[in-house]
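**Q** Just so you know, the sequence shown maps onto residues 1 to 297 in the UniProt record's numbering.
Read the hints as simulated data drawn from the structure, not as lab findings.
Worth double-checking, as some hints may not be accurate.
Calculated lysine-lysine pairs in the BS3-like style (CA-CA distance at most 27 Å, straight line) [said to hold, decoys possible]:
1. K285 with K118
2. K277 with K118
3. K59 with K277
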Amino acid sequence: MRRLNLDQLHTFSEVIDAGSFSAAAARLDLSQPAVSLQVRQLEQRLNVRLIERVGKRLKPTSAGLTLLDHARRIDAAVEDAMQALTTHARGVAGEVAIGTGATACIHLLPPMLRAMRKRHPLLDIRVSTGNTDDIVAAVTENRLDIGLVTLPAAGRSLHITPVLRDEFVAIAPTGDREWAQEVTPHTLAISPMVAFESGSSTRMLIDEWFLRAGLRVRPVMALGSIEAIKEMVAAGLGYGIVPRMAVNAVHHRRGLRMATLTPALSRTLAIVVRQDKPLTPGLRKVLSALEALGCEV
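Let the hints inform the model, and build the full structure from the sequences given.
**A** In structure tokens form, the structure reads like this:
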């Protein structure tokens with residue numbers, strides 16, 4: 001009786017999902033020749049052709065479609081088995097990969113991560129930063145387990161749960177004596193602005209806030225780091241508009257003064273997870289901790 005190799009089956013599924021050997025190799029962290037070899041060995045074992053090229057993408061043959069259905073069910077069964085075994089481990093264990101923006105990573109997650117490490121020392125939580133589009137893509141491709149991103153975000157295979165609303169505030173140097181407690185788009189438009197880089201979710205929200213007032217602002221600087229924006233503003237090079245969480249603590253707003261925006265502007269942070277993601281005990285714990293960060297959406 002011919003036994004199927006689980007690694008070869010999984011690689012075959014990834015090639016079909018990715019549409020090419022090179023894309024599947026990137027997902028699996030393997031070389032392209034290694035991926036091609038695994039698929040070829042699987043075809044030789046079964047004595048059928050599983051993949052054919054249609055245009056620029058690889059597609060399953062009729063036999064490949066039949067196997068793909070079984071391969072996905074086998075993958076799910078293996079995940080279930082791993083999850084069941086995890087519950088026998090001492091405490092909550094395993095690895096969970098989170099992707100989020102730099103602001104949330106610096107100003108929101110540290111207390112939650114510290115508490116999780118104290119309660120579940122065997123649980124390895126890894127955090128990486130990026131923009132919303134990149135994180136959503138990584139969750140979709142299963143390179144990240146969870147995304148904590150700024151809405152809007154979309155994906156047919158994703159479950160998106162809003163968890164926290166964070167208002168924006170304007171910041172200026174502490175020495176700016178003309179700075180009011182409340183500022184409007186027209187008040188700010190006449191001053192130099194230090195902004196987030198173009199294309200980011202946060203920058204788009206801020207640009208839309210000005211556009212609703214009939215204004216289009218051209219920043220004197222566009223930076224990818226909120227900490228860099230704060231430093232430039234503190235140095236007197238312009239004003240900034242930032243999420244309140246970035247300046248909420250006294251030690252995070254040294255050299256800065258804040259003002260409320262009128263009309264108000266806020267962003268919503270949401271948890272992004274694949275709909276078919278197996279929820280291991282460790283992943284459940286992390287999701288619960290993220291959901292507890294805030295419920296006012």
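**Q** Does each hint fit the structure? Answer for all of them.
**A** Checked hints:
1. K285 with K118: Holds. K285 to K118 sits at ~13 Å (cutoff 27 Å).
2. K277 with K118: holds (26 Å)
3. K59 with K277: Between K59 and K277 the Cα gap is close to 24 Å, so the pair holds against 27 Å.
When the structure is compared with the earlier hints, no violation turns up for any of them.
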